[in-house]
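2 protein chains.
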Amino acid sequence: MANIKEIARIAGVSVTTVSRVLNNHPYVSKDKRTAVLKTIEQLNYTRNMNAVHLITGRTGAVAVILPMINSFYFSVVMDGLAQAALMAQYRLILCQTNYVPEEELKVLNMLRNKEIDGVVIVSTALKPEMIEPYCAYGPIVTCQNSGERPYSSVYIEHYAAFRHGLDYLHSKGHRKIGYCEGRENGSSASIRQSAFQDFLAEKGLPFDPEWMIFDCVREEDGAEVARRLLDMRSRPEAMIISGDHVAAGLIIEARKHGLSIPEELAVMGFDNQPIGRLLEITTIDNQLYQMGSAAFEIVHKHIHGSSLPVTRKLEYRIIERSTV
Amino acid sequence: MANIKEIARIAGVSVTTVSRVLNNHPYVSKDKRTAVLKTIEQLNYTRNMNAVHLITGRTGAVAVILPMINSFYFSVVMDGLAQAALMAQYRLILCQTNYVPEEELKVLNMLRNKEIDGVVIVSTALKPEMIEPYCAYGPIVTCQNSGERPYSSVYIEHYAAFRHGLDYLHSKGHRKIGYCEGRENGSSASIRQSAFQDFLAEKGLPFDPEWMIFDCVREEDGAEVARRLLDMRSRPEAMIISGDHVAAGLIIEARKHGLSIPEELAVMGFDNQPIGRLLEITTIDNQLYQMGSAAFEIVHKHIHGSSLPVTRKLEYRIIERSTV
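Residue numbers (this note's numbering), protein chains in the order written: chain A, 232 to 555; chain B, 232 to 555.
It should be emphasised that the hints constitute simulated quantities derived from the structure, not laboratory data. A few of these clues could be false.
When chains are identical, the list treats them as one kind, so a pair holds in a single copy or across two.
Distance condition first, Cα-Cα at most 30 Å in a straight line; then the derived DSSO-like pairs of lysine-lysine [as the list claims (entries may be wrong)]: (1) K337 - K236; (2) K403 - K487; (3) K358 - K269; (4) K337 - K263; (5) K532 - K337; (6) K261 - K337; (7) K532 - K544; (8) K407 - K434; (9) K269 - K337; (10) K269 - K236; (11) K236 - K263; (12) K403 - K269; (13) K358 - K532; (14) K532 - K269; (15) K403 - K544.
Here chain A stands alone, though its shape is the one from the complex (with noise of 0.2 Å):
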């Protein structure tokens, strides 16, 4: 491939000027501009951009960690991001760690390396301990609130949004109610399991071990629990599960044995997801798509310059449908 000094000798200009011209700087004769591109047509030239990387100190890549990508939640948050990132020209680095923190690690290391401008974490099995040295090499910004963290942060605020949940449940007159929950540590699940555990003990209400239920990621995870639920001697009047898919396996399944929702058991579903809107499931909607959005916009306003660690919380609602 030809370098920038066979350019310069064939167009019979300096290899000075060849440089002014592949970085579109003003002050070249058009006749020299002409020379160069021709010659850069005629040798088929392209840029090295690792050689451009290594001279402008940035890469205009950003990398994302997340767990997995074929799942609701993700997909969501991950197209928030990439819309952003496509609207500034940036480009994004997938990578899906199945929250391995050797992978995790690994990508903060790019960081380290400059292979990228700087990273979102979606989610992750890294305590925000081991983050918190890496951001010596660059910005970093998480989905979960980073509090007095050096870094940046964009959230909901699991605790409030699930108890808004739980009030309403209290609200329509239920009492018993279980719950359904994705992984027993995730850090955005433990602090749901807090809030549904001190909102029980605070209205005095029955806590039954066998209605909190882990594990619930996919539809038939709620179609399990619907049958578990139908086998139980003592059944919860009403459920709050975090994501509506699983919600939806739940009450497609129920209703197949014959219970009638909301009438024999109340759903509250989480992250309004299309199925919830078909199945007119109540559910919380949580903002995922301008998570991700807002994510790429502080990471990128931080390779630009700005310093100063951002925490934004995003807002959440209820959805009032019918299954409540």
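We have chain A; now place chain B onto it with these hints.
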């Protein structure tokens, strides 16, 4: 930041020795290696990976072109790609292009500029003749049959798969068959349309333009189709629907209005999605996850020297459930 010369000076060794240590070259004495590593630690030296990429000519990254990530189809393919990339310790650059040709060409130009080692095109608005010139710059794999083109592909035969589904409906006695599709002009969609029209013509079945409905992408679109069908004077007896999400929307809405499925309307889905399992939708499994993982494996082999284009055809099969 410290550079390699500074490390050599402080460690009291040559630049060559530092370089050998950084690249795990065997011919370095233990003492010198220790001195270099200690100095690196002292100086908190990090390699600029752009320099490494410039020297090695490889970036360890593959770009993925797709229109949107927030769709079941694309997120499953991406999942397959991401798992295979993680195994190979490669990074994926997600290029969500919204089918804008200029954006797609920018990604192909990244190959030209050596910013990436290869490209996987999951779905594109570009014609094959626009893709072909970029094969000169590195490996390209598409998820549509590339035929005699000089790049690789992994694909399902949409024509045969769709006809197989139509044959199945026909074998169950259905003669008035309707069809729901996504983008009217999508390349796979166009193939399925031909399959549909050829099938009707060959079997001498009635074709009613009202029964061929486009722009069906989400659950709600399926629900809208159900309402349209209910309003028709003459309704099809069976629908073939590209995408189980759309089929789910149709089925739920149709049942809400008292239409019994499959007795009054048979429904055949496509893609074998989780919602289809839950609603017991008869569908065609087309191995989307395998498409992603195979596409990555092929591009990875090309990066490591295999130069002949590969076309890999994936199997499809009907999954009999209860909606036909």
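Status of each hint after checking the structure:
Only between protomers do K337 and K236 lie at most 30 Å apart by alpha-carbon distance; the minimum there is 26 Å, versus 37 Å within a single protomer. For the identical chains of this complex, K403 and K487 are neighbours both inside a copy (25 Å) and across copies (25 Å), given an alpha-carbon limit of 30 Å. In this assembly of identical chains, K358 and K269 lie within 30 Å of each other by CA distance solely across copies; the values are 28 Å between and 55 Å within a copy. With identical chains, the CA atoms of K337 and K263 are at most 30 Å apart between copies only, with a shortest distance of 27 Å across copies and 46 Å within one.
Proximity of K532 and K337 under a CA criterion of 30 Å is satisfied in both settings, with 24 Å inside one chain copy and 23 Å between copies. In the homo-oligomer, the alpha carbons of K261 and K337 lie at most 30 Å apart only across protomers (27 Å), although the nearest pairing inside one protomer, at 47 Å, exceeds that limit. With identical chains, the CA atoms of K532 and K544 are at most 30 Å apart within one copy only, with a shortest distance of 17 Å there and 45 Å across copies. With identical chains, the CA atoms of K407 and K434 are at most 30 Å apart within one copy only, with a shortest distance of 11 Å there and 59 Å across copies.
For the identical chains of this complex, K269 and K337 are inter-copy neighbours only, at 22 Å across copies versus 43 Å inside a copy, given an alpha-carbon limit of 30 Å. Proximity of K269 to K236 under the C-alpha cut-off of 30 Å is restricted to the intra-copy arrangement: shortest distance 15 Å within a copy versus 39 Å between copies. In the homo-oligomer, the alpha carbons of K236 and K263 lie at most 30 Å apart inside one protomer (15 Å), although the nearest pairing across protomers, at 37 Å, exceeds that limit. For the identical chains of this complex, K403 and K269 are neighbours neither inside a copy (75 Å) nor across copies (66 Å), given an alpha-carbon limit of 30 Å.
Taking CA atoms no more than 30 Å apart as the test, K358 paired with K532 passes inside one copy only; the shortest distance there is 25 Å, against 36 Å between copies. In this homomeric assembly, K532 and K269 never come within 30 Å of each other (Cα to Cα): the closest approach is 38 Å inside a single copy and 36 Å across copies. In this assembly of identical chains, K403 and K544 lie within 30 Å of each other by CA distance solely inside one copy; the values are 28 Å within and 55 Å between copies.
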